[in-house]
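J.: These protein sequence lines map, in sequence, to chains A and B.
According to numbering that gives the first Met the number 0, the first sequence is numbered sequentially starting from 0.
According to numbering that gives the first Met the number 0, the second sequence is numbered sequentially starting from 0.
Some hints here could point you the wrong way.
Only pairs whose alpha carbons sit at most 25 Å apart, straight line, appear in this in silico SDA-like list of lysine to any residue [stated by the list, open to error]:
1) 142/B x 7/A
2) 51/A x 40/A
3) 191/B x 47/A
4) 43/A x 91/A
5) 163/A x 47/B
6) 48/B x 65/B
7) 80/B x 91/A
8) 142/A x 55/B
9) 142/B x 91/A
10) 80/B x 85/A
11) 129/B x 130/A
12) 48/A x 90/B
13) 106/B x 40/A
14) 48/B x 158/A
15) 51/A x 82/B
16) 51/A x 119/B
17) 142/A x 49/B
18) 51/A x 195/B
19) 129/B x 137/A
20) 106/B x 109/A
21) 51/A x 55/B
22) 64/B x 85/A
23) 64/B x 91/A
Sample of chain B residues with no beta-carbon within 10 Å of chain A, all distances over it, derived [as the list claims (entries may be wrong)]:
24) 130
25) 179
26) 213
To be clear about the criterion: a stretch of chain A counts as covered by chain B if any three or more of its residues have a C-beta under 8 Å from a C-beta of chain B, and this derived list gives those stretches [to be verified]:
27) 46-55
28) 111-120
29) 135-148
30) 178-189
31) 196-206
Source of the hints: derived by calculation from the structure; they are not laboratory data.
In this text the structure is predicted, and so the values were computed from the model without any measurement.
Note that CB positions come from ideal geometry on N, CA and C, so glycine has one too.
Protein chains: 2
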Amino acid sequence: MRYEFYYWPEIQGRGEFVRLALEEAGADYVDIARRGPGVDAMMKFMRGKRGKRPPYAPPFLKAGKLVIAQTALILQYLGPKLRLVPRSEADRLWAHQLQLTVTDLVKEIHDTHHPLTSALYYEDQRAEAKRYTQEFWRHRVPKMLGYFETVLEERRGPYVFGRKVSYVDLSLFQIVEGLRYAFPKRMKRFGKQVPRLIELRDAVAKRPRIAAYLRSKRRIPFNESGIFRAYRELDA
Amino acid sequence: MRYEFYYWPEIQGRGEFVRLALEEAGADYVDIARRGPGVDAMMKFMRGKRGKRPPYAPPFLKAGKLVIAQTALILQYLGPKLRLVPRSEADRLWAHQLQLTVTDLVKEIHDTHHPLTSALYYEDQRAEAKRYTQEFWRHRVPKMLGYFETVLEERRGPYVFGRKVSYVDLSLFQIVEGLRYAFPKRMKRFGKQVPRLIELRDAVAKRPRIAAYLRSKRRIPFNESGIFRAYRELDA
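Here chain A stands alone, though its shape is the one from the complex (with noise of 0.2 Å):
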């Protein structure tokens, strides 16, 4: 099956979840949005040209005749196809439990830069975002990066399922990624109270697919577009 990946070409944003996911599976998949005149592929398909589902939003794969879009259930649908989740019920179950704490994470960082609004600049709502970051740092950060570091004490990892990969820590791992790039001395700083997390990020950071597509043209820079933005003023 050659998979077709429509998100945002100039950003990793909540695409790069399920690329890593791809990537780390080998699958055959084009990211069609980053060829000639892909975005406009992209745009037909939510202005519902292209099917009687239309997606809301980008990123949405097309995996034959289906179009599934929201970034956590494209994840439940590749991770059996990939094996990049465990067989039995209830571990899938929980996968997506926790893609979708992953999901709630990235809004709230997202939100760290434009916490009143997407359709300002965040130079018109800098105050906010100060104050915001201040508190998502004191008390979200803690609370849902020490959730995720509590599941792995529970297992002799250095998985959410122990000694295989999963999607799950695909997307920890750029959590983590982006966490540093976005709020270098905070991370630091918080990074000794998650060391099974930091653990989880090094081990994916050496998979030798995942190692590869990192070095690649593939893996798109971060950048002040994206989910993680690197402000200085907010990594005080």
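Model the placement of chain B on the given structure of chain A, informed by the hints.
T.: Here is chain B on its own, set in the frame of chain A:
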């Protein structure tokens, strides 16, 4: 199967989307935290004292040995069992995509009164709430409810999948009800732009089991601790 449902007992909150599905299906369920020491039982799960796959947060559902958290995932799991989703894979995937878009909307609705952090009172972020709410009604409501309206325009139904109700419809009912409670003036005006969504709301409200539920004591009234809060100053 008797389902055990776990959620905060004083609010509709995110749990209400699950309650509506259980009620519409006439399912056998116990709303655990609303009985005696039920909140303690709920907290035990979250501290990982009951099973090796701890939920991050309520709501969660216990179905036999399975413990399932995240509202949209609970509904995805229950959908086929309660006959609240069509049979085809494409429809089931799409139903979950729609529900995850409802999830995104619910988070933004919550942020109208708590744009900076849930750790502070509304009164401590009033000015920001006002700005957030303005942008929310200017950009986000038209985009998100507009998407659902477009979906409904393509269907024969009153419902998303036509003439048979799904869990997505019950959630959209709750969104309209909640927005009417929190923003009566704004919603009165905006409602004219989404006539199909209003028709869907009316169709759901008339369903015998939903109507009986809404009249019952099991339906917790809207209040200022939930997702939808009636702050007059935000309803300009």
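J.: All hints are to be evaluated individually against the structure, with a verdict given for each.
T.: Status of each hint after checking the structure:
| no. | hint | result |
| --- | --- | --- |
| 1 | 142/B x 7/A | 19 Å, holds |
| 2 | 51/A x 40/A | 16 Å, holds |
| 3 | 191/B x 47/A | 23 Å, holds |
| 4 | 43/A x 91/A | 33 Å, violated |
| 5 | 163/A x 47/B | 22 Å, holds |
| 6 | 48/B x 65/B | 15 Å, holds |
| 7 | 80/B x 91/A | 18 Å, holds |
| 8 | 142/A x 55/B | 9 Å, holds |
| 9 | 142/B x 91/A | 32 Å, violated |
| 10 | 80/B x 85/A | 23 Å, holds |
| 11 | 129/B x 130/A | 16 Å, holds |
| 12 | 48/A x 90/B | 18 Å, holds |
| 13 | 106/B x 40/A | 30 Å, violated |
| 14 | 48/B x 158/A | 21 Å, holds |
| 15 | 51/A x 82/B | 22 Å, holds |
| 16 | 51/A x 119/B | 43 Å, violated |
| 17 | 142/A x 49/B | 20 Å, holds |
| 18 | 51/A x 195/B | 17 Å, holds |
| 19 | 129/B x 137/A | 24 Å, holds |
| 20 | 106/B x 109/A | 13 Å, holds |
| 21 | 51/A x 55/B | 35 Å, violated |
| 22 | 64/B x 85/A | 17 Å, holds |
| 23 | 64/B x 91/A | 14 Å, holds |
| 24 | 130 | 5 Å, violated |
| 25 | 179 | 23 Å, holds |
| 26 | 213 | 28 Å, holds |
| 27 | 46-55 | holds (count 6) |
| 28 | 111-120 | holds (count 6) |
| 29 | 135-148 | holds (count 6) |
| 30 | 178-189 | violated (count 0) |
| 31 | 196-206 | violated (count 0) |
Hint compliance for this structure: hints 4, 9, 13, 16, 21, 24, 30, 31 are broken, all remaining hints hold.
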